[in-house]
Every structure is written in C-alpha cells, then in structure tokens.
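Chemist: Guided by the hints, dock chain B onto chain A, whose structure is given.
Chains A and B, in that order, give the protein sequences. The number in the working numbering is simply the position in the first sequence, starting from 1, with 35 added. The number in the working numbering is simply the position in the second sequence, starting from 1, with 1 added.
Don't take each hint at face value.
As the list claims (entries may be wrong) - Among chain B residues calculated to face chain A with C-beta under 8 Å, some are:
id: 1; residue: L393
id: 2; residue: D416
id: 3; residue: Y420
id: 4; residue: V431
id: 5; residue: Y435
id: 6; residue: V446
id: 7; residue: I484
Claimed, not checked - Below, simulated DSS-like cross-link-like pairs (lysine-lysine); rule was C-alpha separation at most 30 Å, straight line:
id: 8; chain 1: B; residue 1: K366; chain 2: B; residue 2: K439
id: 9; chain 1: A; residue 1: K207; chain 2: B; residue 2: K439
id: 10; chain 1: B; residue 1: K439; chain 2: A; residue 2: K69
id: 11; chain 1: A; residue 1: K153; chain 2: B; residue 2: K439
id: 12; chain 1: B; residue 1: K439; chain 2: A; residue 2: K401
id: 13; chain 1: A; residue 1: K232; chain 2: B; residue 2: K284
These aren't lab readings, by the way, just hints derived from the structure by calculation. Idealized CB from N, CA, C, for every residue including glycine.
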Amino acid sequence: MDILGSTEVASFPVLNVLILLPAIGALVVALLPKNRPEIVRPIGALFALGAGAMSVFVMIKFQMSDSGFQFESYQSWIPSLGISWHIGVDGISLWLVVLTGLITPIVLLAVDPHHDPKPYTAWLLLLQAGSFGAFLALDLFLFFVMFEIVLVPMYMLIGGWGYNDRRYAATKFFLYTMAGSALMLVAIVTVAVLSAKDGGLTFDVVELANRQSLATNTSRLCFVAFALAFVIKVPVAPFHTWLPDAHTQAPTAGSVVLAAVMLKLGAYGLLRFGLYLFPEAAVWLAPTLVTLGVFGVIYGAVVAAMQKDLKRLVAYSSVAHMGFIILGIFAFTTQSLQGGILQMVNHGLSTGALFLMVGMLYERRKTRAIAELKGIQTAAPVFAGFFTVIMLSSVGVPGFNGFVGEFLILIGSFETRRWWTVIAATGVILAAVYLLWAYQRVFHGEPTSADEKTPDLRLREGLVLTPFIVGIVFLGIYPKPVLERIEPAVDRLLSHIEEYSDYERPEPNTPVIIDVHHATEKEEGH
Amino acid sequence: MKTISTAIFEAPSVDWWGLLPQMVLLGVALSLLLITSISRRKFSTAFSTLCSVLAGSTVFLIALGLWGDVQELGPRSSLASAFAVDGFSIFFTILISLGVITTALISHSYIEREGIDSAEYHALLMCSAAGAIVMASANDLIVLFIGLEALSIGLYVMIAIHTRRVEARESAMKYFVLGAFSSAFFLYGIALVYGATGSTNLVQIRDYLDQVAFRDEHILLAGIGLLLIGLAFKVAAAPFHFWAPDVYQGAPSPVTGYMASIAKAAGFAALLRVFFAALPSYKLDWSPIISALAILTLVVGAVMAILQTDVKRMLAFSSVSHAGYVLVAIQSANASGTSAALFYLFTYSFVVIGSFGVVSLMGWKDGHSLDRYSGIGSSRPVLAITFTVFLLAQAGVPLTSGFVGKFQVITSAVDVENYILASIAMLTAVISAYMYLKIVMTMYVTENNSEGPDITIHWTGGVVLGGILVFTLVVGIIPQSLINFSQNAVPVLIAG
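The following block holds chain A by itself, in its conformation from the complex (with noise of 0.2 Å):
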C-alpha cells in the first residue's frame, strides 16, 4: 500500500521537519539580539508557519485508503535499549497535527504577550514541537519524552505570562500530568521488558502492539496505568482539577494551546496505546471509563453553568466535551470512534477560538466576571457575532461542527452503550444552558457605561477568527474529507481489538450522515 504518493515524498523526511522546524525557530529567537523585540514575533510566526504548511503538505499527500502509518521514518536512537526514532502519521493522528500545525502560528500572531516577547515565543515553538513529537511517535519511549516535555514549555507560559495566581496553577498543572505518567513510565517499562523474550528488547509500538505477549492481569495493570495518565490529561472528572485553575491562570495563547492541542493527548493517547496495545484490557475497562465520560460530560455542563469567571466557564465546558470525547472512543464502534477524533478536531476549534474570545474581551473590558459584563452585544456587534456563532458550534447547533461529532458519537454509542448515551444526550441540551445563559448575560441587556464603551472586533482580530470559522462551519456542512480519511485506521484499530479480544463489533446499521453524502453522489453520478 505504500506506494504512489508516498514514495515520491518518501526521500524528503517531511515528519522529521515537522517536529525540528519549530524546534529549530525556537532555538533561533532565543539567539536572537535583544535589543530588537520587534523582529521576535514576525520570526518565530514564520517558524510556526512554516510548520503549519508542512501540516498541511502531509495532509494533502495523505493515502485517503491507506489505514496503516504513512510518510513514516526510522532511526535507531538508543540501540542497547531497544529504543528508535521512529515516526509516522495514520487517519488517528492527522487531523491532530494539521490541528497543532495551524493553531500555533494563530495563536502566536493574534495574542500580545505584553512582556518578554522572545522566551514567549521560543516556548510556543517549543511546545508546537514537542505536540508534534507526541502525535507523530511511534516508540513508546519517544512518545513519553514527548508527552513529558510539553509540560515545561507549557508550565513556564503559564507562570511567566499568567494572571495572579500563575505560581499555583503552573505547578498543579505539571505535577497533577506528571504524577499521572509516573506509573506509566514503569507500565511502559514492564512492557516492553516482558514482551522481549518474544524477539528481544524494543519500544516499538507497532511491534509491541502485535507481539501482544503480555498475561491477562499484567496488561490490564498496565492498561490502568496507562490510563492513568490519559484521563489525567484529558481530563476525565474526577481527575480534572488542575484544569480549571491552568485554563484561568493561563494567559490567553496559553489557554488555546492547552484546549486545543495539549488536552488531545490524552485521547489520542488512549487511542494509539491504550487500545492499541492493550485491546482486552481496554475492554475490559471500557465500562468505567464510559461511566467516567458520561459524568463528566453532566458534571462539567453542571458546574459549567454555576461558574462566575467566563473563562472558567469555558474551561469546565472543556470537562464536558472530552466527556464525550471518552465515551465516543470506549464504545468501540467505527461511527463513534469518528465521532470520538473529529470532535477532538470540533473541540480544538470551537473551545480554542471561545478562549480567543475571551482573551479579547478580558484585553478591551480587564475583566472576566460574567457579572461585571453587561449588553456588549450593543457596543460590540462584530464581537457579538464571531462570538455566537462559536458558541453555537460549542453548543452542537446542527450547521456546525460540533453537531456533526456529538451525533457521531451518540449514533455510534447508541448500539453498544445504550443507557449511557441517553444519559450523555442530555448533556448536549445542558451545554445550550450554561453557554447561552452565559451569553445572555454578558451579551444582552442595557449595557452600563463601561460596557457601552467596549470596543468593537478590530480588522486584525476578525482575520485571526476567521481561519476558525471556515472550519467550524465548513466540518458543520462538509465532514466528508476529514471522516474519510479517519475511517480506514479506525477500522483497521477496531479489527485489531476484535483480534485480540472477544469484543465483536455490531453488525453496522447504515452510517447516517455518510449514507447521505453518497446518495446525492450517486444522484449527480447518474
């Protein structure tokens, strides 16, 4: 299968750039003279850029068919170990890195970070990197590195640029995730060390995944491990605590980083080792873990609801969104696992552009207290509307995108996990109350004299929320390239966890939102 596409590409290590590119413009701002602030941003966004169009690049050339690992390079890295570099992208990990690709260089144009703009920059390039790194490793050890890293880029943009209470949240932030991965280490550890009596010591995901040479008890240990710290990042209620408080303290490109990128790690990590290197375990805890989702997605909408701070607000809809996101991935069906990763796309957008917004208006008003905000609607119109029509694709009104993940998920889970998606169903109606209450609020009204004041979208602005429009509202009316190219290595996940277990997927019922898109197809073929 590796042929066509691939094989002229396949000379230009295009992953390898991917994650060095960045690396590399950190490593230049940082060098650059200081006494010139105002060359930092333009370099490190081109950086950043580069990066994204490389992104991009890998998605155009992706083998639509292909469900294995493609554009995928190999280096052995620590030889008497067993360790490599070995990198590769499937329809898991793409949208993923074509997401981490294009919000960064966002991001680090749109958002002013009011002081030292070059460690600022050279931690956004870093943890651009370092996401890369994590989406695209192949090798358990690689991966981990990679996980483990992004936390101090993260954790210094945190306690550098941060509000008041920075100290605090930056340190529960990287201890809470590194506690989580602490027993994962030795869960990869162990791994690795029992599978080598099978063709000796290696860290190699793909070998280990089908030397499954572990026992029953000792894989489902190391499955919890694993989830551990996936749950942890994610997050999964009740392990979510150190969410809210890194969301609020976080300045505001910190915060879209964490939602959009940084939180998909755990789900992609359960995705690419936890099912895929332990298919009976993950069965075997699937009811938990959907249990766990389920709650989180009431729990989040709940607290969601009662949450003074705006920003806060939307880091506890967070809780509510990955709830899903967990629930579509353990019930195993291939609409839910599409479901599952296209709203992590979904989430990455509409949670990402939403504390954008936020930004702004803490930028224009010094306030985020949904109480102390009045009527902007009157003031800000343009403002008011960008604002809306996220707000509606983080609510899952159908035309966006977030409609279309919610209903994969809840279709999907519906076959294998009846009760717990009706439960998860009211949750799409509890996130239209916290979110449209909370617009109501801030948006509608008569708006007080600093309100009247607020000043309304800048042209800048505009064009930096406009990338997230299009694909809110493009996945919204079009999901078809993206679900097409997450569809083969879904499937491929799924036969692999039938393999190695006595799950047996249902027979499939006709893909609702697919079926419709080939009938018109076949209507304009005929």
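Modeler: Same frame as chain A, but now just chain B:
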C-alpha cells in the same frame, strides 16, 4: 603457591601505571603545599587552581589510556590483589578527575571572594580525590578503609576551611563526629567479615563464600550489615542521612557540590564493589535490605525536601533522594542494574556540581533562603535557564541526562520484577519535582522585587557551568555512548 619453607620475601608485583592516578594527585598536592610554604613569595589563587586543574587533567588522560588498555587486555589487579585495575575503577577515576577539575574551577572565584588559603584548599581537594580513587579501586577491605579515611579527613578540613564562619565549623564538627562513628561501624564490619571468612581480600572472600556453606552465618551477616551501615552513612541513605542537610548547608557551596557528587560516588563505588562483586552469593540477603533502604531514602529525601525553605537544604535532601535511585539500581544485583547505577552516578554528579556551582555564585553570608533567588530569571536569564536545566535534570525531565538515568534505574527494577519499588521511585520523583519547580518558579515569577540579586560570574565558573549544561543536554539526547561506557565498567574481581 607460597610456602613458608622457602622463606624468601617476594615483593608483590606493582602495576605502576594503574597506581599513577593517585600518585599524580598526591604528588601535586604535596608539592603544592611544599612550594607555597617554603617560598617567601605569595602565590595567587590562580596558581593553586591551575595545579588542581592540571593534576585533574593528567589523571583524566592517564585514565583514558588505562581504559583502552583494560578494554583490550582485560581487567587486572595489583599489589597482591589488593588493588583493582578494571573498567569499574577507571570509570570512577575518570569521574573523580572530572570532579576535581570542575570543583577546582568553580571554587576559584569563591576562594578569592572569601579570602581562603587556596593552596591548602586545593591540596586537600586533591588528597581527598586520591582517597576516593583508592576507594573505587580497592580490592581489599583494609585498602578500602584507607581510601575512605583519606577522603573523609580531607573533607572534614575542607568543610571547616572557611574558619570565620561558625556554621562551617559547626558542620565540620558534626560531619567529623558522625563520620568517625560510621568509620567505626565499618571497621567493626571488616573485623566480623574477617572473622567469618578469614580474609579481608574481596577476591578471597568471594571465593571462600562460593565454596563454604555456613552452619551459622550470624557473624558474617552482622559483618555485612555493619559494612552496609558504614557505607550508607557515606552516601547519605536514610536513615543514616541526618548529617547531610546540616553539613551541606554549613559547608562552603563548592565543597558541598564536591561532597554530594564525588564523595557520594566513591561511597557507592565501595558499596558496589563489596556487595555486587564480592558478595554475590549473599544476594538474597542484602538485596531486600538495600531495597528497603532505597524506599526509605526515596521517601524521606522527597518529602523532607519539599518542607525546606533554604535552597541548600532543599538540594541536600534532593541529594538524599538521588541516593535512593542509585540504591534502586543496586538492589537489582545484576550487571544491567549496576551499569544503570553507574550511569546515574556519572550524570548526577555533574548536575549536582553545577547546581551547587550556581549556588556558590550568590555571595550571601546569611543563608540561601528561597525568596532571595527571586528575580534571577529577569536579571540573569542565561544563568537562570542553566540552573533551570540542572533542576529539571534532577527532576528527571526528558531530554536531560537525568531522565535517561532515571529511565535505566526504573528498567533495572522492572527487570528483576520489583514493580512496587519502580512505582515508588517514580512517585517520589513527582514529590521531588514539586521542590525543583518551586525554585524555578521563584527565579522566574517575581512577586515583590523585580531586581534580582547582583551576581558576578568569573569565567572559570562560567566555563564549568556551560560545559555541564551542554553535557546534561547532549547526554539527554544522545546517551548511547555513555550507556556503553557504563556497561563496560561493571566491576569484576580478579586475583593477581
């Protein structure tokens, strides 16, 4: 075969090449003392520093030559098999020689600033380093003890060398009294082991234990236990760590770095040589005890560190918890565990010398309380990022040498299926990380004063800190050659 009837004294063969490192260090140290005390001229600090650096570099080059020699011709022993020349001893000779060079350079500006007699300081540095090399090379418990004492006595004086500071004298006294205690334990251990096996030579002890099954092994076990206590004191493993925070805090910062790295490494070298190489047949007895010591050390080091408010005390407790990681690797009692311990010691030593090197740049007379570090991030960004890398390396963050070390330690524990110990080691790493992050945060996030402390960096210190920074990152990214180095340095006992 020696028979009494011939009655001709046969002098043991001497491998002069193998003994050259200690001889160079001692020779330069004594000449330095002699020259500066005879000559009427007053020598500058730079002269003594140069002597230490040159002696260290010479030893380093000799050790490199010996390394190639041993890898090619195999390990050997000398002086009636009392002194080993193997990969293990040369590994530590290289580490110790680099430790002398870095410590000498870092001490340079400290000595000038505080007005300490530089010739004495550097002579003591070289003598104690010679003692450390003897410890790492000893094939005989008595020789080991001589090395231990040479190292310790040098350190007692180095700690107290800043005679005007009460804290320094107090901590030297503390270290001396407790150190003498632990030496007594160690000696008593030697006596009991000798009583049980009839020899102090490690080769003969191993061979004897291989052949003989004891009906009553209490004396031997008590001896092994006392040896372990003596060495656990030197490496500051809990519950024998109580001296460490006070002594580390009171000692001059460059000396603290030297103690926390080289003295600790020498202690672990002795531990590995005695337990892993000479007592493999009692593995099932000592491995669980070391495992328990490791857990206690890890937990105590991590938990106590986060309660401290003084940076030197924080780093002291962190050095206790690092001893715990090395013990985790040692308890696995196999070659891969030993090489993990060696790798960890090698990388950790430089990071800790660098960390205390940064601390020694602060010219404060009255303690290193954490909030005095605030603002360094903006006033000295390069220094701050260097210190941050050292701290993150100690926390075990990827792409630093500390992570690769920790990874191998965990692998060695998993290898012998000690999953609980591996998990405890990782979880205490998170607790310690809190303490390292607290220091990083203080440097970068200024609450009150935006002006950081006034720091001047002499080029000698700058070169060392930069070198250690590069080493830490390079080993973190491409560790294979250092892994090979430590794998070839697993100790072997050769009679000769």
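Chemist: Against this structure, judge whether each hint is valid.
Modeler: Now for the hints, and whether the structure bears them out:
Checking L393 of chain B against chain A by beta carbon gives a least distance of about 7 Å; that is within 8 Å, so the hint holds. Residue-level restraint check for D416 of chain B holds (minimum Cβ-Cβ distance to chain A is 6 Å; threshold 8 Å). This hint holds: Y420 of chain B has a C-beta 7 Å from the nearest C-beta of chain A, less than the 8 Å allowed. Checking V431 of chain B against chain A by beta carbon gives a least distance of about 5 Å; that is within 8 Å, so the hint holds.
The criterion of a C-beta within 8 Å of any C-beta in chain A is met by Y435 of chain B, whose closest approach is roughly 6 Å, and the hint holds. Below 8 Å, beta-carbon pairs count as interface contacts, and V446 of chain B has one with chain A at about 5 Å; its hint therefore holds. With a cut of 8 Å, the hint placing I484 of chain B at the interface with chain A holds, because the nearest CB-to-CB distance is about 6 Å. Restraint check for K366 of chain B and K439 of chain B: the C-alpha separation of about 23 Å stays at or below 30 Å, so the hint holds.
With a CA separation close to 11 Å, the supplied pair K207 of chain A and K439 of chain B stays within the 30 Å bound. With a C-alpha separation of about 27 Å, the suggested pair K439 of chain B and K69 of chain A falls inside the 30 Å cut-off, and the hint holds. Taking the CA atoms of K153 of chain A and K439 of chain B, the gap is about 23 Å. The hint holds against a cut of 30 Å. For the hint pairing K439 of chain B with K401 of chain A, the CA-to-CA distance comes to about 29 Å; that is within 30 Å, so the pair holds.
With a C-alpha separation of about 25 Å, the suggested pairing of K232 of chain A with K284 of chain B holds against the 30 Å cut-off.
Checked against the numbered hints listed earlier, the structure breaks none of them; every hint is satisfied.
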